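Q: Protein chains in written order, with our numbering: chain A, -9 to 244; chain B, 49 to 323; chain C, 49 to 323; chain D, 271 to 522.
Source of the hints: derived by calculation from the structure; they are not laboratory data.
Any given hint might turn out to be false.
Below are the SDA-like pairs computed for lysine to any residue, each with C-alpha atoms no more than 25 Å apart in a straight line [unchecked claim]: (1) Lys492(D) to Phe44(A); (2) Lys52(A) to Glu491(D); (3) Lys492(D) to Met64(C); (4) Lys285(C) to Ala218(B); (5) Lys121(B) to Thr445(D); (6) Lys335(D) to His188(C); (7) Lys52(A) to Asn119(C); (8) Lys314(C) to Val301(B); (9) Lys185(C) to Tyr501(D); (10) Lys26(A) to Thr445(D); (11) Lys495(D) to Asn51(A).
Stretch-level coverage of chain C by chain B, calculated; a stretch enters the list once three of its residues show a Cβ under 8 Å from a Cβ in chain B [what the hints assert, rightly or not]: (12) 83 to 93; (13) 187 to 198; (14) 220 to 228; (15) 282 to 290.
Since this is a predicted model, take the numbers as computed values, not measurements.
Don't be surprised by glycine CBs; every beta carbon is placed ideally from N, CA and C.
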Amino acid sequence: MYFKRILLTFLILMIIVVIPKPASAMHIMEGFLPIKWALFWTITSLPFIILGFFSISKSINKNPELKLLLGVSGAFAFVLSALKIPSVTGSSSHPTGIGLGAVLFGPLAMSVIGFIVLLFQALLLAHGGLTTLGANTFSMAVIGPFVAYGIYTLSKKIGFSQGIAIFLAASLANIMTYATTSFQLALAFPGSTGFLASLGKFLGIFALTQIPLAISEGMLTVVIYNFLAQYSKSELSQLNRKGDTPLSRNVPNE
Amino acid sequence: MSEIILEARNIDFSYMDGTKAINNLSIRIPKGKKVAVLGNNGAGKTTLFLHFNGVHRPQKGEILYKGELVNYKKNQLRELRKNIGIVFQDPDNQLFSASVYQDVSFGPNNLGWGEEKIRNKIEEVMKQTGTWELRDKPTHALSHGQKKRVAIAGVLAMEPEVIFLDEPTAGLDPMYSNNIMQLLDEFNQGERTVIVSSHNIDEVYAWADYVLIMHSGQIISEGVPEDVFRNQETIQKANLIKPWVLEIYDYLVEKNRSGPGIVIPKTREDIMKIL
Amino acid sequence: MSEIILEARNIDFSYMDGTKAINNLSIRIPKGKKVAVLGNNGAGKTTLFLHFNGVHRPQKGEILYKGELVNYKKNQLRELRKNIGIVFQDPDNQLFSASVYQDVSFGPNNLGWGEEKIRNKIEEVMKQTGTWELRDKPTHALSHGQKKRVAIAGVLAMEPEVIFLDEPTAGLDPMYSNNIMQLLDEFNQGERTVIVSSHNIDEVYAWADYVLIMHSGQIISEGVPEDVFRNQETIQKANLIKPWVLEIYDYLVEKNRSGPGIVIPKTREDIMKIL
Amino acid sequence: MFYVDQYVYTNQLRKIHPLEKFLFSIITMIIGLVVNNPAINVLIIVLMLGVLIFWARIPVFVVFKMMMIPAGFLALGVITIAVNFTTDTNEMVLFIPIGGYYLGFTIQSMFLALTTLLRSLSSVSCLFFLALTTPMLDIIYVLQIFRTPAIITELMLLIYRFIFIFMETAFNIYTAQSSRWGYSNFRGSINSFGILFANLWGKSFIKSQELFISLLSRGYEKELKVINQNYYFSFGSFFIFVIIDIFILIAA
Chain A
-9 MYFKRILLTF
1 LILMIIVVIP
11 KPASAMHIME
21 GFLPIKWALF
31 WTITSLPFII
41 LGFFSISKSI
51 NKNPELKLLL
61 GVSGAFAFVL
71 SALKIPSVTG
81 SSSHPTGIGL
91 GAVLFGPLAM
101 SVIGFIVLLF
111 QALLLAHGGL
121 TTLGANTFSM
131 AVIGPFVAYG
141 IYTLSKKIGF
151 SQGIAIFLAA
161 SLANIMTYAT
171 TSFQLALAFP
181 GSTGFLASLG
191 KFLGIFALTQ
201 IPLAISEGML
211 TVVIYNFLAQ
221 YSKSELSQLN
231 RKGDTPLSRN
241 VPNE
Chain B
49 MSEIILEARN
59 IDFSYMDGTK
69 AINNLSIRIP
79 KGKKVAVLGN
89 NGAGKTTLFL
99 HFNGVHRPQK
109 GEILYKGELV
119 NYKKNQLREL
129 RKNIGIVFQD
139 PDNQLFSASV
149 YQDVSFGPNN
159 LGWGEEKIRN
169 KIEEVMKQTG
179 TWELRDKPTH
189 ALSHGQKKRV
199 AIAGVLAMEP
209 EVIFLDEPTA
219 GLDPMYSNNI
229 MQLLDEFNQG
239 ERTVIVSSHN
249 IDEVYAWADY
259 VLIMHSGQII
269 SEGVPEDVFR
279 NQETIQKANL
289 IKPWVLEIYD
299 YLVEKNRSGP
309 GIVIPKTRED
319 IMKIL
Chain C
49 MSEIILEARN
59 IDFSYMDGTK
69 AINNLSIRIP
79 KGKKVAVLGN
89 NGAGKTTLFL
99 HFNGVHRPQK
109 GEILYKGELV
119 NYKKNQLREL
129 RKNIGIVFQD
139 PDNQLFSASV
149 YQDVSFGPNN
159 LGWGEEKIRN
169 KIEEVMKQTG
179 TWELRDKPTH
189 ALSHGQKKRV
199 AIAGVLAMEP
209 EVIFLDEPTA
219 GLDPMYSNNI
229 MQLLDEFNQG
239 ERTVIVSSHN
249 IDEVYAWADY
259 VLIMHSGQII
269 SEGVPEDVFR
279 NQETIQKANL
289 IKPWVLEIYD
299 YLVEKNRSGP
309 GIVIPKTRED
319 IMKIL
Chain D
271 MFYVDQYVYT
281 NQLRKIHPLE
291 KFLFSIITMI
301 IGLVVNNPAI
311 NVLIIVLMLG
321 VLIFWARIPV
331 FVVFKMMMIP
341 AGFLALGVIT
351 IAVNFTTDTN
361 EMVLFIPIGG
371 YYLGFTIQSM
381 FLALTTLLRS
391 LSSVSCLFFL
401 ALTTPMLDII
411 YVLQIFRTPA
421 IITELMLLIY
431 RFIFIFMETA
441 FNIYTAQSSR
451 WGYSNFRGSI
461 NSFGILFANL
471 WGKSFIKSQE
481 LFISLLSRGY
491 EKELKVINQN
501 YYFSFGSFFI
511 FVIIDIFILI
521 AA
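Make a model of the complete structure from these sequences and hints.
A: Written out as structure tokens, the structure is:
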């Protein structure tokens, strides 16, 4: 009896660790967070969205064309996240596009676009939710882009090649996004042994298993970036010129 | 009828959003012919050909290639995609590599041929399609007509047995259209099957050996052009009109100004001889 | 020649990437006519019309509207954009809202009309273009032909005096094409100027009062269709061919089977009467 | 193209004023969150699915297929909550010993997991009510009523429109690539996907320029000014929504 119980527990645990977890299942689902945490993360995300909002308003006022560019870019980001890419382990998942977005637009503009994209994912794809929009925005449209931006800048400073900088930015942004999700869940559900033990649990489920997917996303972002840098130079430099705010400041002029 | 290269038996297909694209359709495509498919936008032409190259799998019914049932196993699917080439309507959705040369090499590279074979093949098809001089240009710097030819080169490079072209001449000037149709004649030479979808009735009438008319996911008429275009009922149903050459010829026959015994005219030149 | 509504005098225009789109071009567009512009993609047709509605400013030369020089001051620009409507080739580049009704309301809203006037106008043009029944559908659920008509409605709603349509019938089957050309006739009624760019020579020949042929940013030929299409040299330069009706008619005249005195035939019906 | 989009334009509640539907969905969702009582959450799930199936006339299989979408996250999240470390095996239902600790399921942790599951499902059913009965443009209209900045609602308008165009383009490129063996192995797939997205981005950029020119031609200056078809409040539906919420509150 004792042994059977152990075996059963072990089996259940194995199943959750082993089953493939597409990124769509990684948004915190509607209603999953207790109301106080839902409110907390909404309030935490708000300043970033407001800052991003002012930053893009300023640019749009100078250049009304930018509104349309941001609109189509948001649609692009949504489509990117709605398609399934293969992962190194053979399963497939949705790319987050966080790294790419941060490199193209800069982290502040990404917080606004990311927020709208997450809202659309909730309403059109049933990924994530309205009450968890704040929490998901914080992990995917704030932490992710800022990590990507930071890692990219740092890697360039250290002297890494463009490819490695992009790879690190995209894959670490992906991992950090899900580490943030685990952190949010551990805070909301500390269990009986406290926050740290709980964080370990959620990290094990939501962040560690994400590693192969993060590597795939890093590789994908490098391919996309190389292609753009070689053949869409004029578009990228226009983006640079239009965005004299944080937007796209870090697109390199080769 | 000659040998059948592609066959569909009672196939059904609906898209995810519920649109029924193919509705209990059966068709046998003769080998080595120049086939034209007519029908309005949304009639299901492209969807049908995505079944023939295995990109779509019918929800009911079956597809046969050279008399063999398609079983959707990996190896057979590859074989199918290699042998049935599709040139899509909008070349912008098909030319995705940076330079023209790279784009044409996309298919052969994926087939895993040796480098020399690939290089030779690319040069061959690029010369054939008149795109060899464009090889170093970025694809977005090409004109619409050039893009279309590069797209065709990219498909020919895989040495398909059947090639399907979705509106190859849409948006092209008459001269460019003629060029493309001639290129297809060269590829065909009575051996390889060329299938073209088009809205240009006069062009189709002059070019095709065999015509299919599609309407709401079904084939409503098929046969040699002279017969198909004389069936007022079906061409009206498909929003088409009679080719002018045929209409004038039939008018002349009716008025006894030309005997029905002679070869039915196909082109301007043909009909001018009769007049 | 009748009153001139739009005029360009020796204009030049290059895009930012250095492509010379318009090259020392002069043209006078007669008021109230049905004008067709022929010329391959990249000949500069759209660029020219973006000059007439003030979106582009010529780098050299001048534009006149109703004999008045365009000075690019804000009020005059508004006037120009209201009065010269452009329907772009790809409706997906023009329809920015998923609601058909919202999209049609965009132009009138920018004109600052009162809400009631706007609503009445929207209903009127949507009924006129046959898109009123589509008002509850999202744009992405419409067919290509339906999107084209919505795009036309959005421009007609601004009550323009001149409307330019870039390949309104490309990719549409013959019936839909006829519908659109009829709609344009209705709008024209000999008063308002309609300008259409097209690759379909037969359609243009039957429909237009006045034809322009563009080639590499210049107008290489203009005049009534009968004259323009008989100029072998220019139509070859522009990769065009003679419309079949005209070719057959000229052939008949040459063989003395029809006198040159009668009205030159335009359509199938016209030519059958002669035969 | 998306599951939601096929039904949202044809459901029987389409013509009801979007503000009524929005408030009903959000208020019910908040009740479920605040009350946080499994029985009430079950009640909300039953009522919402009932409204969707019998009033909005969304096919039953669609509603249940939709309810399966969050299953992946919920399974992971709920089991992770249910699993606990303790030093004491007394309250544990299932466990394995690891070092001096026990890893397993306690009664409290399983109850917490169940509460969370039902709370989440009840909120999800409210979200689906909104998503399946109210087209995106109507939701944008509601956001305008709540004075959302114009830039946000205009961006939403554009994003919604272009999602469909880009999905189609992406699908077409994908089809063309797979017709030429673009996805026959992992390496090729990553490469092909990279090319696909890079192309899509390039096209998005050109699209925005062409759209700008066409909007300029129609008098665009700074704002995308449009008017909607008129929306009408209906007393009947409003009354039903209020009754349902009052009923839930009384039950709570």
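Q: Going back to the hint list, which numbers does this structure go against?
A: 10
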